[in-house]
Structure formats: C-alpha cells, structure tokens
Amino acid sequence: MAATLVLIEHDRQQVKRPSLHAITLARQLGGEYALLVLGHGLDAIAASLVSCGASAVIVADDAALAEPLADRYAAVIAQAAQKYGAKTLIGSSSTFSKDILPRAAALLDAPMVTDVLALEEVNGERAYRRPTSAGSMLATVKIEGDRCVLTARATAFEAPAADAAPCPIERFDFDPASLPNGMQFISREQRASDRPDLTEARVVVSGGRPLQDPETFERLVGGLADALGGAVGATRAAVDAGMAPNDYQVGQTGKVVAPELYIAMGISGAIQHLAGIKDSRIIVAINKDPDAPIFQMATYGLVGDLHQLVPQLIEAVRRG
Amino acid sequence: MKIVVPFKSVPDPYAGPGAAAKSVVNPFDEIAIEEALRIRERGEATEIVGVTIGPATVDEQIRSALAMGVDRALRIDDSRALDPYAVARILRALVAKEAPQLVLMGKQAVDDDSNQVGQMLAGLLGWPQATFISKIEFLENKTRAQCTRETDGGLEVIVVNLPAIVTTDLRLNEPRYVSLPGLMKARKKPIEVLTCEQLGVTVQPLTTTLSTARPPKRAAGTRVESVEELMVKLKQEAKVL
Ligand SMILES: Cc1cc2nc3c(=O)[nH]c(=O)nc-3n(C[C@H](O)[C@H](O)[C@H](O)COP(=O)(O)OP(=O)(O)OC[C@H]3O[C@@H](n4cnc5c(N)ncnc54)[C@H](O)[C@@H]3O)c2cc1C
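Line by line, the protein sequences give chains A and B. For the first sequence, this note's numbering gives the first residue as 1, with consecutive numbering after it. For the second sequence, this note's numbering gives the first residue as 1, with consecutive numbering after it.
Among the hints, a few may not be true.
[Claimed, not checked] Derived coverage of chain B by chain A (criterion: at least 3 residues anywhere in the stretch with Cβ under 8 Å from a Cβ of chain A; other residues may be distant):
id	region
1	50-64
2	106-112
3	126-138
4	152-165
[Unchecked claim] Computed list of lysine-lysine pairs in DSS-like fashion (alpha-carbon distance at most 27 Å, straight line):
id	chain 1	residue 1	chain 2	residue 2
5	B	2	B	217
6	B	185	A	278
7	A	288	B	217
Bear in mind the hints are in silico, worked out from the structure with no lab data behind them. Beta carbons are placed, not taken as given, at the ideal position from N, Cα and C, and that holds for glycine.
One chain only, chain A, in its complex shape (with noise of 0.2 Å):
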C-alpha cells in the first residue's frame, strides 16, 4: 500500500531528473510514496531510483509498454493506483505526463489540478496552488473526494535528497494482452546535441523574431549558450518561422524554465513568453526598443542591436 504514486519518467536511459521533482510534493503531502516506472528494460533504471525515500520502486516492464502510448500507459497506471490503494497520483508537468495523467484520472474517476506551484491549507483543508491564464493570475483550488491527480510544476520544487536507505524494486505484473490497442508509435525526432536540456540548465540563452533564420539563430543563440555552458530556447515567434526546433519554446505553452541566468535577446517580453520564465534568477533582455515590456522584469536591460551586441557579448565571455 503507499497513499501515493509518483510517476517517474525516463527517456530509456536515465530518469528524467525533472520528474523527480514530484517526489518533493509527495513529501509535503505526508504519507508513504512509491514511485512508479513504466517501460521496457527498466532494471537500471529502476535501480538508480531506490534511494528517494520510496516506500518500494513499483516497475511495469513490457514490451507492450516499450513506447509511452497514452491509452495503455494510463490503463497500466490507473491498474497500478488501484492495487496500491493510492489515493493520490502525481507526475511533473511535461508533455509525457499531460498526455497520460488525465486519462488516468478519468479511469480512476478523479479530478486532476495540473501545474501545482505549492501547497496550501484554507479553513483546515487542504488546497493547491496553481497558475493560469499563462501566469498572470493564481488561483487557490480544493478538491472533492479523497482521490486527485496532480501535476506539480518542477521549477516549484526543489529536487529530492536521495539519499534514504535503499527500498525493495517490485514489478507490477498485468496483462498485456488486455491493454487498449488503438494507438501506434511510428517515429520520434532524434537529434544529438551536447547541449544540457532547457528546464535542467543553469543558464538558458533565449532568441525571438528578429533572429531572422536558423542560421543565424545558430550562430548568435547557440553562439552565446556554448560560450555559457548553457541551454538554448526561443519564442513561439522563433519557432513559427522556422529558427528552432519545437521543443525549444519557453512559455505558457512550452517550457517553464528558472535557470539562475536567462538571456533574452530579440524577444518583446509577451504574457505568454513571460509565463515560462518569471522564475528565473536573473534576466537580461538585449532589445533594440527600450519600451519593450521585458525591460519590465529583465534584471539587467541593454538596448541595441542584438547583431552588433550579442558578437560581442560572445567574445567577452570567451575572454573570461
């Protein structure tokens, strides 16, 4: 039995570290926790995971579950909350688990409140922190019933101490033939990148429209985020024409990042592009307009142009 299920995600190497981040709202809501993995070939993994204070590494390993298809992912872990007595299910908010997690919470008939920032207790009860309408506002919501989903925010909670005395790994046995059967994986993107991932690095460098093409985009976003150390992400604008990638775009409905420095250059400072990186700890805006709203919030603004400034900026970090 463990009160609740943290659903760890991982890429079929390694942990995902910002699903660990959940762990930490199990914590607060006391109780006992397990962790749930779902995959193929997840004893490594499984392994790398015993020290977080778990009750017990719960693991659902099948070929059947080789690719994370959200109809028979969410019926093996609404199965697995349901052998387990869980009242509570969490994962971190990523695009895995807002695929999955809902529909496991409607064959688990329970509300889910995604994007949890914090907890809080209103009248005795507890309720749950959570932004909307892309972080301007925040609302304070309950739940009826003894059973939720959440998704918690992992720049919202710090990463979990591993260091508990090591738990029992138990494998969750099911049947596959019985999984749904109406989804198909096909192909996913790969592409290799030394880069450290957007919602783990230290320093995130962030480009927007006026970075024109991919190329240049390359030279001056990438540019300055290699001479950092650091990640690269974009604007829904950089993205739309075609500069990045999809999955480099920070805001309300990309990534939510708060690296200790975020560098934005060429980006006008949107609600929307705000929402995903209000939490940073420094921001500096390069912006050749000087009303632009992200000298709002920037904590160090330079007005020019980016295409002269950013070389530079380069060259004097290379220089130590």
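Position chain B with the ligand against the provided structure of chain A, taking the given hints into account.
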C-alpha cells in the same frame, strides 16, 4: 466522416494587460475548427459540429465558429464553474449522441491552462488519443489517422485508430479570418441548445477555485549601457559568471 469540435469562450489573450478583455474562441480551439474545415474542404469530412458549454453569453463565440464554417453549432446550457473533468463527462454524453469519427479540440484553454479535457474524454470513451498535434493525415480509407505530436523531446509520430480524440497545438495551422459578411450570415443560422438533463448527465465539479490573486511582480532592474558593464554586473553583482 463527421467531426465534433468542442470549443471554449475565453478572455482575449492578445488584450493588453489591464484592458477589459473581450471574449473570443480559445485560440487552440480556433485552430481545431480551422483544421476541421480544411479536412472537409479536402473532401474527407462531411459534417462539422461545433459544441460549447456555457450560458447564452457565449453565443457570440458560437457565431464566430459558424462564420468560420462549422455546419451545426450546439450550446449545452450550463452556467456553473465547471472543472475539466465535469466538462469531459458532459462531452462524453454529447459524443455518444453525435457519434463522430473524430473529436478535434484545443490542447488547453488559455484561461484555465489545465490541458486535461481531451485526454479525459478519450479515457472515458476508451478511444485512442493524439495530443498536441501539429499535423494530421488520414490513412486506409479514413479508418486511421497519422498525427505528428509536439513533445518536450521534439516531434513524435503516431497512428491512431478512429474514432479518436485529437488535440491541437499552435503550429497545426493558421486560422482564417472571419469576414463581416460571414458573421452577418452566421447570425441567421440556428444554435441548438441542449441541457445536461436532455443529455442524461448529472455532473458536479470536483474542483473548486477558492480564490485568485495576482502573483508578486518581478521588480524591474537596471539598465546597462554596454556589454562591458553587463559583464561586470553579471560577475560582481549577480555572481552568475
Ligand atoms: C495561445 C497563445 C500561446 C502562446 N504561447 C507562447 C509561448 O509558449 N511562448 C512564446 O514565446 N510565445 C507564445 N505566444 C506568442 C506570444 O504572444 C508572442 O507573440 C511571442 O512571444 C513573441 O515573440 P518575440 O518576442 O520573438 O517576437 P516579437 O513580439 O515580434 O518581438 C521581437 C522583439 O525583438 C526586438 N528586436 C527587433 N529587431 C531587433 C534587433 N536587431 N536587435 C534587438 N532587438 C530587436 C523588437 O524590439 C521586439 O521587442 C503565445 C500566444 C498565444 C495567443
């Protein structure tokens, strides 16, 4: 093929801060409507049914959907503050009644930002789902659909059996503009109104918003005059380099 497109009326996300925002069709749902129209224009769909849940004040957004070109528009009359799971349960009843081969809808509403309804609806119906899509093509005499999904790790391609629930991301298409004559014509088209009772569903929302507040504002920082000054600040004041 019949397509059902559920859509929500939301405050205009392009309205500047502080401006009294007028209501619009949720941008993601507008993209779903546009895609349904394109599927029909390619001869792959015969009927598009738009549906929204709300009081009569959302009729203006229903007119926009009709003006864009949906064939029929339905409003399920309910003025409560519904949560995504309640919306999904109401839509399940509607989908059972309409029996479409495809439900196309936005991946999230830009006011609530929950990103749940499509996936919940798929779970309730036991239908396949393709979420956050930027491309859709029909295969094998429209018994299956191949969808490209925008995920955190890049693009992913899956094939789903129909009927299915498909949710749209921003890059699927650019919705057409609604012309004034189109809007005038849409005023004459009927809006069917249904109640939850008529659909045979009783749902209570299971989540309640107790309060809302503005997040703390990030204070504006300082202007620097040059790259050199920026470097000094980053090293000595912010200590990030
Ligand atoms: C439903 C919805 C969801 C959205 N989700 C997102 C999201 O997740 N992420 C996101 O980013 N956007 C999102 N958007 C889009 C958002 O509203 C803005 O349109 C977008 O962020 C603008 O991108 P930008 O800053 O690159 O472009 P612009 O707004 O065009 O700004 C370009 C800036 O570059 C400056 N500039 C131009 N030339 C130079 C130069 N030579 N040197 C220096 N500066 C220069 C200009 O002064 C301007 O400030 C969403 C919109 C909607 C409606």
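Against the structure, the hints:
no.: 1; hint: 50-64; result: violated (count 0)
no.: 2; hint: 106-112; result: holds (count 5)
no.: 3; hint: 126-138; result: holds (count 8)
no.: 4; hint: 152-165; result: holds (count 11)
no.: 5; hint: B:2 / B:217; result: 47 Å, violated
no.: 6; hint: B:185 / A:278; result: 44 Å, violated
no.: 7; hint: A:288 / B:217; result: 24 Å, holds
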